[in-house]
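Novice: Which chain is which? The protein sequence lines are B and A, in order. Start counting the first sequence at 1; every next residue gets the next number (the numbering used here). Start counting the second sequence at 1; every next residue gets the next number (the numbering used here).
Any given hint might turn out to be false.
One copy or two, it doesn't matter: identical chains are merged, so the pair holds either way.
[Claimed, not checked] Below, in silico cross-link-like pairs of lysine to any residue (SDA-like), each with a Cα-Cα straight-line distance of 25 Å or less: (1) Lys562 to Thr322; (2) Lys562 to Arg323; (3) Lys562 to His56; (4) Lys562 to His300; (5) Lys562 to Asp534; (6) Lys562 to Asp539; (7) Lys154 to Gln107.
If you are wondering where the hints come from, they were derived from the structure by calculation, not from laboratory data.
2 protein chains.
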Amino acid sequence: MPRILPSVRATTPIALADVDIADSFWSPRIETVRTETIPFQYHQLETIGHLDSLRHQRQDGDPVPHIFWDSDIAKWIEAASYSLVSHPDPELDARLDDVIALLASAQGDDGYLNTYFTVIAPEERFTDLRDAHELYCAGHLIEAAVAHHAATGKTSLLDVMRRYADLIGTVFGRGEGQIRGYDGHEEIELALVKLAEATGERRYLDLASYFVEERGTEPYFFDLEAERRGTPGYFGDQFSGEAHPGRTREYLQAHAPVRDQHEAVGHSVRAMYLYSAMADLAREQDDDSLLEACRELWQHLTTRRMYVTGGIGSSAVNEGFTRDFDLPDETAYAETCAAIGLAMWAQRMLRIDRHRRYGDVLELALYNGVLAGLSHDGQCFFYDNPLASRGGVGRNAWFDVACCPPNLARLLTSLGSYAFATGDAELVVHVPVSGTVRVAAGDETAVVEVEADVLGTGRVVLRVTEAPRQPLTLTIRIPEWSRRMTLHVNGEPLDLDDADVLGADGYASATREWQQGDELVLQLDTAPRRLRPDPRLADHAGQVSIARGPLIYALEEVDNGKDLHMLALPQGADLQIHEIDGLQGVEAHGQRSTLPGHGLYRMSAPVIEGAALRLVPYFSWANRGNGEMRIWIREC
Amino acid sequence: MPRILPSVRATTPIALADVDIADSFWSPRIETVRTETIPFQYHQLETIGHLDSLRHQRQDGDPVPHIFWDSDIAKWIEAASYSLVSHPDPELDARLDDVIALLASAQGDDGYLNTYFTVIAPEERFTDLRDAHELYCAGHLIEAAVAHHAATGKTSLLDVMRRYADLIGTVFGRGEGQIRGYDGHEEIELALVKLAEATGERRYLDLASYFVEERGTEPYFFDLEAERRGTPGYFGDQFSGEAHPGRTREYLQAHAPVRDQHEAVGHSVRAMYLYSAMADLAREQDDDSLLEACRELWQHLTTRRMYVTGGIGSSAVNEGFTRDFDLPDETAYAETCAAIGLAMWAQRMLRIDRHRRYGDVLELALYNGVLAGLSHDGQCFFYDNPLASRGGVGRNAWFDVACCPPNLARLLTSLGSYAFATGDAELVVHVPVSGTVRVAAGDETAVVEVEADVLGTGRVVLRVTEAPRQPLTLTIRIPEWSRRMTLHVNGEPLDLDDADVLGADGYASATREWQQGDELVLQLDTAPRRLRPDPRLADHAGQVSIARGPLIYALEEVDNGKDLHMLALPQGADLQIHEIDGLQGVEAHGQRSTLPGHGLYRMSAPVIEGAALRLVPYFSWANRGNGEMRIWIREC
């Protein structure tokens, strides 16, 4: 794909065609998405009415198209396209062509394309940017178009979405007669950057930049819009009152121009999509002040408002952020899509500001906050992800959860682009995933086999199986979670105190003329460890969470009985690795206390007995019944 | 006062005229109410516009009378009347006459009396029972009338309110042309019972019974009312949507007939006033099923939804109850008025079902949940009472807090009637308060001097200073908080294992022909103690609160530095009594941990150092700056 502007600092996510994932942990999950999730998602589009709406074959009594429907179609196309790259499938390819043809047929002569407004409210087009998700849907369709084009080389959807993007570019802007606004739910901004990358057309980048820069300026667009419209808007009835979070400027990150935003606020998915676009634009436009804003937001989010799982957005009320250090476990919202959005933002920060602070959080979110959303069988989903449960909380069938399953599908089918990046004759491993990667080195192609065992032994091998003649750089993130590590090339140790080997960014590199079979071997420390919260997380004072490698662990009732909060872990207790029901578990000698007597507040002393604490990875919880769960354990 | 029906089980709160409180703890607080609160409250009535509204001297631009205004006037009259009993004050007496004359002049020919509806919306009388607090205001005026009559013997206000009550009795009921409804905010029910007691008129009791029995029946009155009215009601705009707590039936305890209510729900003050009236009616009507409902509600509330301070109602959203064991500290609502309401209910339960389960909670609420509402200087008030603060939370000047200061004033000026009750030749001490009490014994009057030091030595002396010829029973509650106790008459021990001495109800009695100077001496154990929460209070697992006698203790920043949650109390640590800034403090050798490093989740081990933990009574917090505070302390 052509790049608009060169950026000396950047590496690029690897093209999906250049990576074959063969990972004992990830591959089965990706395969489930391919064989279960994507077909089921299509089935939903057919049966709920999305496709019939495009076919203009709706009957009286058919469900009214939801304003999100186009994004459902889009995410299916995007995931299906990614899947085609690793698993060519003529049937799926043809099905994609059919759906795209439907989309094309539903497009207006002027390029407009939106199921809800076309079917239900054609007069109201572009009058309710705050609530109606109109450009949000367009953004997802653009992402789908770029993915489909990259996967198949076909321009069928790309052409459709270029036409629509061109219309949007004429409707919105600062010119005479244009709407000087932006969408209430960010998404089109990052999509337009992708479209610019895919087409080499600068104007899409400029439009993305316009949307981002206009946001939060005065006079406040959504006030002007509401005045013009004269109605309370799509969510008017539900989101009533000035004080409702859905009506605050912070909710949609429009409380200040983006460079003046210093804290992650509001609806968390919206925030992640905005910050992703900001990072994209900082890179493409070489814009240091925008990068600085991103860094500040990242620092704020990850040091004050992020769960230990990489989940973000603690409140269901606004589906988003509340106050610093307000991270309740049992009522955690921590939407799966928000953790996915965090991974998206991290991926983009790594393109312009490579540092393990992003890679560590990317890995954390993938293995915990994101993956917890998905049941082992791939059939059930968490929309919100509590970090503690008193029991009775479980994943729902897809049918009940609209946005997260397709978002999970597109993330997992494009996992390679999060795990690996390439620079000039360089392979960068952000997240070690086993498989084979192809990297351009001048006019040659190097092939590197990755064997990653970060969940087990901690050994990561990068084996050059096809060596270029010219030097190739192999770069890998050294996660902060590893207290000890060694790096060897063919058995020879590299000095990790040498800044040329391990940079200040936490990435270790070896550049040389590799021979076929040469190995760069990173040995990480995957002994279980205790994490303790910043003292400002007052509710967790004196508590620890257990981690191993990138995984956060949890106690479940099925392994430990009820009243998990009555368990405690002695400060000196060994943390042993121990298989539990086929899961990589951790076990320790702990204590269980009971309190004799009755009444709400008792004078009796607790009775303390030894108890084995048996922990399993957090992502795996609620797969063996919906009993109690908790991550934070009292230390005694 | 005549009683309507005899009840063999009941004792009666002492008449205020029969008790002179002279207590080193309570008297200064009551004196502050007399010299500061009551005059200031009157000043408010004059300056805000309450009295001018009665005078019909309102000008354009005057504030619209608030629907609560009559209750403000009423609570002032009630507190001022109680105060007159212990402190005759001709000036206050005359001022009361003036205000009562204004009320009389504002009464309609038909007996109707309500400032808001008379001045603002005369057409809307009795059309918005759900929101408009119309009968609630009437109830408070009735309570005021009864108090004024008891204090002065005058019937000026009692006559006014009898007329109004008679009107209400014709308007409401199950007869032809009557409104078959009840008020959204309970209050008139318990007031009518008082009016029946004061006048000996059975019809007021019947009216109270009608309101209580009608509540929560089908068809649902407030739906019918809203339909008839055709408008959303007084709070229509603020309380919108079916799901808003102010629109749920539970919010106003109308989700079921009262005998089918098994859990304390909804707005907590409303609940307490209803349950108080239910207890009154169970007593007056000798109604076992109503008593059983009260007992069940009490059991539910005090074992599942009560803070360790006796505060109740954990959520600001509905000013009330949420779920069992949902008692967050920092966001605790625990309205001062709700703790007062709990004391009112306890007082009434003790009249029909004497047991220390009520006396213990009465005492707890008085010393903690209620008293925390008042600053040491009597000038500032907590409306809601958090049980933990990260700093910056303090009491507000009265001006900002409408309902709690007058409610505190009437409670403190009538404290004697909560502390003492009398039966047939019997003095019952529910809450030991120092002073002198007169008790009828046949045609004689016994005088008993009480010396109570429950906050210090734990010694409570009941000294008979005027002895009747006939036997007199001295009865005192043995609080469950005392782990050891002795009871002596003139130095001779009584056997507390003897059921004739210490009953199953937790009250100890001695009946004899007392001689002048005879003493019943109860020695309680006031050593500081640790309270541990029911294991279902999961957030406080492994934590303790410190209590001494009836007081709950708290850590404050001013004594312990910041980050109180980083302090811990070893299991074996001695709890020493230790004066802190003139307060009865408790001190212990504890630990403070700090966590080196940075980041939200750290691998570093905590550094633990010795630290003195210095605790002060919870009620006294936020009198020496508005720093951090917490009650629950991690045990280590």
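Novice: Hints first: check each against the structure and report whether it holds.
Specialist: Hints and how they fare:
In this assembly of identical chains, Lys562 and Thr322 lie within 25 Å of each other by CA distance solely across copies; the values are 23 Å between and 31 Å within a copy. In this assembly of identical chains, the alpha carbons of Lys562 and Arg323 lie at most 25 Å apart only when taken from different copies (19 Å versus 31 Å within one copy). Neither within a single protomer nor between protomers do Lys562 and His56 lie at most 25 Å apart by alpha-carbon distance, with minima of 54 Å and 65 Å respectively. Taking the closest pair of Cα atoms, Lys562 and His300 come within 25 Å of each other only across two copies (23 Å); inside a single copy the shortest separation is 36 Å, beyond that limit.
In this homomeric assembly, Lys562 and Asp534 come within 25 Å of each other (Cα to Cα) only across copies, at 14 Å, whereas the closest approach inside a single copy is 28 Å. In this assembly of identical chains, the alpha carbons of Lys562 and Asp539 lie at most 25 Å apart whether taken from the same copy (21 Å) or from different copies (15 Å). Proximity of Lys154 to Gln107 under the C-alpha cut-off of 25 Å is restricted to the intra-copy arrangement: shortest distance 18 Å within a copy versus 85 Å between copies.
The structure does not agree with numbered hint 3 stated previously, though it agrees with all others.
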